[in-house]
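> Letter by letter, the chains look like this.
Number of protein chains: 2
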Amino acid sequence: MTLEQAQALDAVDPLAGYHDRFVQPEGVIYLDGNSLGLLPTETVAAGADIMERAWGQRLIRSWNEGWIDAPSRVGAMIAPLIGADADEVIAADSTSVNLYKLIVAALRLDPSRNVVVSEAGNFPTDLHIAEGAVAAVAGAQLKVVERGVLAEALGDETALLLLTHVHYKTAERFDMTAWTRVAHDAGALICWDLSHSAGAVAVELNAAGADLAVGCGYKYLNGGPGAPAFLYVAKRWQDRLHNPLSGWMGHAAPFEFADGYEAAAGMKRWLTGTPSVLGLAALESGLKLWDSIDLAQIEAKSAALWNIFHVAGTAAGLECVTPADPAKRGSHISFRHPNAYEIVQALIARGVIGDFRDPDILRFGLTPLTLSHADVWRAGEMMREITESGEYRKAEFAVRNAVT
Amino acid sequence: MTLEQAQALDAVDPLAGYHDRFVQPEGVIYLDGNSLGLLPTETVAAGADIMERAWGQRLIRSWNEGWIDAPSRVGAMIAPLIGADADEVIAADSTSVNLYKLIVAALRLDPSRNVVVSEAGNFPTDLHIAEGAVAAVAGAQLKVVERGVLAEALGDETALLLLTHVHYKTAERFDMTAWTRVAHDAGALICWDLSHSAGAVAVELNAAGADLAVGCGYKYLNGGPGAPAFLYVAKRWQDRLHNPLSGWMGHAAPFEFADGYEAAAGMKRWLTGTPSVLGLAALESGLKLWDSIDLAQIEAKSAALWNIFHVAGTAAGLECVTPADPAKRGSHISFRHPNAYEIVQALIARGVIGDFRDPDILRFGLTPLTLSHADVWRAGEMMREITESGEYRKAEFAVRNAVT
Chain A
216 MTLEQAQALD AVDPLAGYHD RFVQPEGVIY LDGNSLGLLP TETVAAGADI
266 MERAWGQRLI RSWNEGWIDA PSRVGAMIAP LIGADADEVI AADSTSVNLY
316 KLIVAALRLD PSRNVVVSEA GNFPTDLHIA EGAVAAVAGA QLKVVERGVL
366 AEALGDETAL LLLTHVHYKT AERFDMTAWT RVAHDAGALI CWDLSHSAGA
416 VAVELNAAGA DLAVGCGYKY LNGGPGAPAF LYVAKRWQDR LHNPLSGWMG
466 HAAPFEFADG YEAAAGMKRW LTGTPSVLGL AALESGLKLW DSIDLAQIEA
516 KSAALWNIFH VAGTAAGLEC VTPADPAKRG SHISFRHPNA YEIVQALIAR
566 GVIGDFRDPD ILRFGLTPLT LSHADVWRAG EMMREITESG EYRKAEFAVR
616 NAVT
Chain B
216 MTLEQAQALD AVDPLAGYHD RFVQPEGVIY LDGNSLGLLP TETVAAGADI
266 MERAWGQRLI RSWNEGWIDA PSRVGAMIAP LIGADADEVI AADSTSVNLY
316 KLIVAALRLD PSRNVVVSEA GNFPTDLHIA EGAVAAVAGA QLKVVERGVL
366 AEALGDETAL LLLTHVHYKT AERFDMTAWT RVAHDAGALI CWDLSHSAGA
416 VAVELNAAGA DLAVGCGYKY LNGGPGAPAF LYVAKRWQDR LHNPLSGWMG
466 HAAPFEFADG YEAAAGMKRW LTGTPSVLGL AALESGLKLW DSIDLAQIEA
516 KSAALWNIFH VAGTAAGLEC VTPADPAKRG SHISFRHPNA YEIVQALIAR
566 GVIGDFRDPD ILRFGLTPLT LSHADVWRAG EMMREITESG EYRKAEFAVR
616 NAVT
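As given, the protein sequences belong to chains A and B, one line each in that order. Going by this note's numbering, the letters in the first sequence line up with residues 216 to 619, in that order. Going by this note's numbering, the letters in the second sequence line up with residues 216 to 619, in that order.
Be careful, since some hints might not be right.
Said to hold, decoys possible - Taking lysine to aspartate or glutamate pairs in the EDC-like style, the calculated list, with each CA pair at most 20 Å apart, reads:
| hint | chain 1 | residue 1 | chain 2 | residue 2 |
| --- | --- | --- | --- | --- |
| 1 | A | Lys384 | B | Asp474 |
| 2 | B | Lys543 | B | Glu387 |
| 3 | A | Lys503 | A | Glu280 |
| 4 | A | Lys503 | B | Glu267 |
| 5 | A | Lys450 | A | Glu419 |
| 6 | A | Lys503 | A | Asp264 |
| 7 | B | Lys503 | A | Glu267 |
| 8 | B | Lys384 | B | Glu534 |
| 9 | B | Lys358 | A | Asp474 |
| 10 | B | Lys358 | A | Glu477 |
| 11 | A | Lys450 | A | Asp325 |
| 12 | A | Lys358 | B | Asp474 |
| 13 | B | Lys384 | A | Glu471 |
| 14 | B | Lys384 | A | Asp474 |
| 15 | A | Lys358 | B | Glu477 |
| 16 | A | Lys609 | A | Asp575 |
| 17 | A | Lys358 | A | Asp371 |
| 18 | A | Lys384 | B | Glu471 |
Honestly, the hints are just simulated from the structure, not real lab data. As the structure is a computational prediction, the values presented were derived from the model and not from experiment.
Isolated chain A, as found in the complex:
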């Protein structure tokens, strides 16, 4: 692959027009959109509007002028990206808080099933929150096993199989339909964490027969740092599951100010406290970009970017830990190297921003909306130069940051 070949791909890329709908910092090739997505240019105006007009001028009146429905409205915008109906998704809180809600709710469905099964090496907050959630249900337990023995870990006592669809380190993707069936065959529900999937790959929750899901707003959905997360509950469960974080915004009639809690119908019961209005506005603005996007084009471009960067990484002597089959991965690529941290720092010093994951992983988000093929080619060249030249061995690149 040459730069000219990459540029030729850009010339026929149906998503090429999206590149300039994001703020692209000068001198930066941003391969970390799987960690924090770029700022959409239109979100600058949306941020000013929510602050200066809606908050500053309209003030409390804005609750009746759009704020109160923002969690449902934003949820309905996420729904088509994950194969859900508009009334099966709502935006709220953080991914971690939403996981807690759904795990506890699933454990309370049937007292004879009180085990949550998840995967060792799953994104830590999923396991940490599951630890907290099982402590909230008498007799409940968390069973964390290696991927290879997940299926046999399920049994008559399993309430929930908790899986992250695309692995945060390796980008390995579970077959959603197959694993949903595995859970159902054991009589369990399944909850998918879509944090590295939504906006990265075509997700089909309803087609797969999934039960529950959560996901993140600040990665591929470009909702901004700490954006509200989302949760999905398949329609057939909506009347049977109950939010343990039973706050007033999930009440059937929050402004009647009754002492007793009564859950709202539908997805609104999954709200808890007053939502982050500023965060919802930024997320809603980012989601508008997805209005007319074909997810098949996202997957096709992701695969093309992956091929370019995979060639460069291999040429640089890095060991790729991401599956070669596009259907078995998400939209990031990870390599293993003993000096992973230093190489990532040396790349950042050159303006190529990826990230490091303990202990030896270099991780790069290949976000189809924000990157050109030529961007990814240039980043790959720099990675090859840095690795081959030993440029990464400078002492300054070994200094550890608090957040890696």
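Assemble chain B onto chain A, guided by the hints.
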């Protein structure tokens, strides 16, 4: 009281300079700062900076350039307003979610004490969340009683007394020292909801010997709609209480990505998921205004504004339900009237924004930083005119909004 007298008070008001540090919408007298505080003028620039520079340009690097410490930094700014030490407060999630964390944690401290006592008519989310929290601890119960019998409801089985310091409807204020002692005498902990207190009155958690507290960022602290909330844990409890919402941001080493949860030391363990960075930035900007404010001046001005508006309300034939003694109330004033809803709507049509609380309460926030004495005098005059003339009887004022 005449307009001239009110203006004379403004002329000698040590807080008068703050009025223009907020965006004051044209034609509006805003008496709802206890529901959603005004936009500080400096927050417009802070909002553009967090979005355009920190997110747009610095992107993921911003986590090491201030974001990761924002919850602690903002907590430390709130601490002096509530009589806490800097390392006893952290900003996180919503008030409702934080209440859940603290109630569950308190219930798990001593298995022989498993009852939470709270007040009938407390702000609904406190009671709703307490319902959810007791369901997470085997054998735990919620006992909700009238204020007059709260003390006798406490006993050997009480884990926690949950009180809202300033009542959301009536503005009635509990004596924090006396009620903390009542709880302690029964061997229970106390948790104060400071949502209508922080920035409204001088709060002295540590001087009162309080154990736990939560509160809201979007009212008197002017943090913006759905701003992050805060929680307080007295130092002596910090190693003994555990966050049930055990997410990765509360982990001792979140970026080591370990499967098992290990709680961070100090207040960081009360974090759960990725915090709302945009929300924290707006809240931090609002809190900067409090840097050199003497809370005694806040209380004195609140009392002066209250007197002006109380005279007007009484002249308008409204029944005041807020205590006359300044030490026994917060910084809002409420009246009862059978046509409360309509009168509030008629006031809004004239640019005087207060709010209605079911079934018959007119509520007005008298925020010392954002209001002049003349503002409050003018609003009082309009309330008298609307009530005396029957202007509020127009059919349009009876139409109910979704959010009241």
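> Of the numbered hints stated earlier in the document, which are not met by this structure?
none
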